[in-house]
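There are 4 protein chains.
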Amino acid sequence: MTKETNTYNKIAGQDTGRILAISDGVFGVALTLLVLEIRVPFMDSIRSEQDLIQAFLGLKSKFLVYFLAFMTTGIFWVGHSSQYKYIEGSDRNLNWINLLFLLSVSMLPFTTAFLGDYTHFKFPIAVYWCNLLLMGAMLYINWAYACRRHFVDENIKALVDLPLRRRIIIAQSLYLIGALLCFISPFLSIAFIILVQMNYAFAFLSQRKKSSRRAIHDNME
Amino acid sequence: MTKETNTYNKIAGQDTGRILAISDGVFGVALTLLVLEIRVPFMDSIRSEQDLIQAFLGLKSKFLVYFLAFMTTGIFWVGHSSQYKYIEGSDRNLNWINLLFLLSVSMLPFTTAFLGDYTHFKFPIAVYWCNLLLMGAMLYINWAYACRRHFVDENIKALVDLPLRRRIIIAQSLYLIGALLCFISPFLSIAFIILVQMNYAFAFLSQRKKSSRRAIHDNME
Amino acid sequence: MTKETNTYNKIAGQDTGRILAISDGVFGVALTLLVLEIRVPFMDSIRSEQDLIQAFLGLKSKFLVYFLAFMTTGIFWVGHSSQYKYIEGSDRNLNWINLLFLLSVSMLPFTTAFLGDYTHFKFPIAVYWCNLLLMGAMLYINWAYACRRHFVDENIKALVDLPLRRRIIIAQSLYLIGALLCFISPFLSIAFIILVQMNYAFAFLSQRKKSSRRAIHDNME
Amino acid sequence: MTKETNTYNKIAGQDTGRILAISDGVFGVALTLLVLEIRVPFMDSIRSEQDLIQAFLGLKSKFLVYFLAFMTTGIFWVGHSSQYKYIEGSDRNLNWINLLFLLSVSMLPFTTAFLGDYTHFKFPIAVYWCNLLLMGAMLYINWAYACRRHFVDENIKALVDLPLRRRIIIAQSLYLIGALLCFISPFLSIAFIILVQMNYAFAFLSQRKKSSRRAIHDNME
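Chains as they are written, first to last, in our numbering: chain R, 86 to 306; chain V, 86 to 306; chain X, 86 to 306; chain S, 86 to 306.
Only chain R is shown next, with the shape it has when bound in the complex:
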């Protein structure tokens, strides 16, 4: 390589190190901040072990919301990891697409808390669904952009492009169905979305004995 080409490459090329660092920072903080919403019940009204258990059980919707937000954040972190495993370069635009994805991630604690406080209304489901849609859309744009700018090896792209896109579209279709169920009942809607999330998160419990070939296939998606 001539010295000139070397200089040229150094200026044009950029690895994904900074993108991964800022993303894991935002994800790490988001995952940990969620618990701050759960406050220890106040002391004065509590006199017996029974009172305390009662007060603790009163937090159960807070715990459910916490768990849901943690799972959702986790699902999108795994999705983000799957993409950046194959993305080998970046530019200013990819930086910004990723930042907008992180914007939607960092809003999740708010939209989930809003959902948790008003489980009997339709509007918070619409807000929560918009957040999920924005996360999915930015993740899709992220991958599409990285492919167009050739930040993904062509051989790998041929193998993983379709599964990666399909995964986002299927998940988003399920979220849309979940959101629409609110016209029947908000509770049904939330229950459906939670089930979809559980399916992504706990897939490993049902896949214990699958062959190594299938494992690779799962990893790609």
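Wrong hints could be hidden among the right ones.
Copies of one chain are not kept apart here, so a pair can be met inside one copy or by any two copies together.
Pairs of lysine to aspartate or glutamate, DMTMM-like flavour, derived with a Cα cap of 25 Å [stated by the list, open to error]: (1) 147 <-> 202; (2) 170 <-> 246; (3) 207 <-> 239; (4) 145 <-> 129; (5) 207 <-> 134; (6) 207 <-> 129; (7) 207 <-> 136; (8) 145 <-> 134; (9) 242 <-> 134; (10) 242 <-> 202; (11) 147 <-> 122.
Please keep in mind that the hints were generated in silico from the structure rather than gathered at the bench.
Please build the complex by placing chains V, X and S on the supplied structure of chain R, with the hints as guidance.
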């Protein structure tokens, strides 16, 4: 290596970089957030140096709780480091097992604060113990899964598998004994658990002159 | 290389790893903490879907402020990334210049919230502008210092020095114009600054078809 | 290297990657959390631009405390970086020594806020000084332990050992003098400590023209 094999490996293989980054993010935030529970005493009632010292001493249970939570988080961070020193690959399932471990880590500030506010009750000890159990269980599953999927070199596994598993089981047994002591006295229970934690954290004070061979052995556990 | 030279280099040289790690930590936390300012509306006064939508819309200035702060933090993160892509070494002084840059980044949540709460006053615009000026100034000093101490390859410096400096000066000139507009109307001033930020953040929407040569040029700036 | 030696080294050896990651996480969060102590002044009482400026100026002691805590955290981050630039290995004990150092770092937001709220008392200065002492002591122990366990190259140790130790001892002596000044006047005490911190942080302003040889020497300290 043929080009095809190379592509295949790139898709199937995945290093542990992202897992370590998100984990250190969550641990780092958890360790730092703990201090937010300690509030500077309010100004109006304080008129003399004596008042201030009194107000400060009133925070002593908050400091104790902070210290306990920091130690516990530290112990599990060290345990996590010990495992990932030997784990050389990952897949989607390991991502999720690790995320569930982090879920239990991020709940620790809540369960410890709950324990600190109600030291004279049995129920918070049960909650705190459940948290310790969940952390231990996920760490155990994490290691077991990594071994089964051959993410650990066989030679190394032969040497470290038993000590790593034994360490978790011994610690969890001690926590169980500690939790059960609450039927005699909640204070005794908390004191016992703190002593166990101190033992793990301050081992270095008593091991100063041990031989280098023993040091390696300790490192493995 | 003799052993002595090797020792000498190890002591004198220092890579930028720690600087990047602490910077991405601060940026990651700053980006995520911003959302904490948006609180879920309180339950008691809300009886119907209509009430809830009303309460949600009441948060719109909070969302705008959140969005503005996220964009601004993002712009400076991208600017920081652009510089450290070329900076290959560091010393104690660069550590401190970078820390003072991070100080200005970490104040942004406060100055933006101050701006959002008092949109009809001139003073918060002055405070916000001071913050933007400080960030720009530290970024400029950072680059100038790195160049003077030869932490940037000379061939690369010849190509990127001017665009990097020009970018900061143009952005700061626009911010100054924006700030001065407050003497006509605070709203006009805020709107102008938001438009400038949008221009930097969403450049990628209008640049889709540009040639790869131009892309490199943009990356440099 | 035989296969056996290789396995042996893998088990015994451990790099400092995780220690740096958790440390930069804690430092990054601590630096950013500090600003949360500064709250935007409340709206109701503010009617004119004059009122707002007045309310803002009322925050000046909060800003001073923020600045002081940021500088102190920065000084110890730079000190930590200086050491780990030369430390090339780690073990379980070093993990714990570093965690206890981080414990003292994470307490700094509290002790500084305590100092800022009660500037006219002696006791908060004692508390703050204890925190500085703990940070310095852990940093000293960290380096001493790393040297004893041969995690530092002998050639490098010969050159940097003395300056690194001397730097901590000089800084701690100055802090002690500062703390003792509180018996004359708490304000004098705080002013002295701030001056000492400024001296470490802004050294770069006065060192611009020093020779490259001296720069290396400074870097070592």
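Cα distance capped at 25 Å. Does residue 147 pair with residue 122 within a copy, between copies, both, or neither? both (7 Å within a copy, 19 Å between copies)
Within a copy, between copies, both or neither: where do residue 207 and residue 239 come within 25 Å Cα-Cα? Result: close neither inside a copy nor across copies, 44 Å intra and 54 Å inter.
When no copy is specified for residue 242 and residue 202, does a C-alpha distance of 25 Å or less occur within a copy, between copies, both, or neither? Cα proximity of residue 242 and residue 202: none, with 43 Å in one copy and 48 Å across.
Given a CA cutoff of 25 Å, do residue 147 and residue 202 count as a within-copy pair, a between-copy pair, both, or neither? Both: 8 Å inside a chain and 19 Å across chains, each within 25 Å.
Identical-chain pair category, residue 207 with residue 134, by Cα at 25 Å: This pair counts as between: shortest inter-copy Cα distance 7 Å, intra-copy 37 Å.
For the identical chains here, do residue 242 and residue 134 meet the 25 Å Cα criterion within one copy, between copies, both, or neither? neither (59 Å within a copy, 46 Å between copies)
Within a copy, between copies, both or neither: which one fits residue 170 and residue 246 at a CA-CA cutoff of 25 Å? Close inside one copy (13 Å), not across copies (29 Å); limit 25 Å.
Give the relationship of residue 145 and residue 129 under a CA distance limit of 25 Å: within one copy only, between copies only, both, or neither. Both, since 20 Å and 20 Å are each at most 25 Å.
Alpha-carbon proximity context of residue 145 and residue 134, limit 25 Å: both (17 Å within a copy, 24 Å between copies)
Alpha-carbon proximity context of residue 207 and residue 129, limit 25 Å: between (36 Å within a copy, 18 Å between copies)
Pop the pair residue 207 and residue 136 into one bin, within, between, both or neither, using alpha-carbon distances up to 25 Å. between (33 Å within a copy, 12 Å between copies)
When held up to the earlier numbered hints, the structure conflicts with 3, 9, 10 and fits the remainder.
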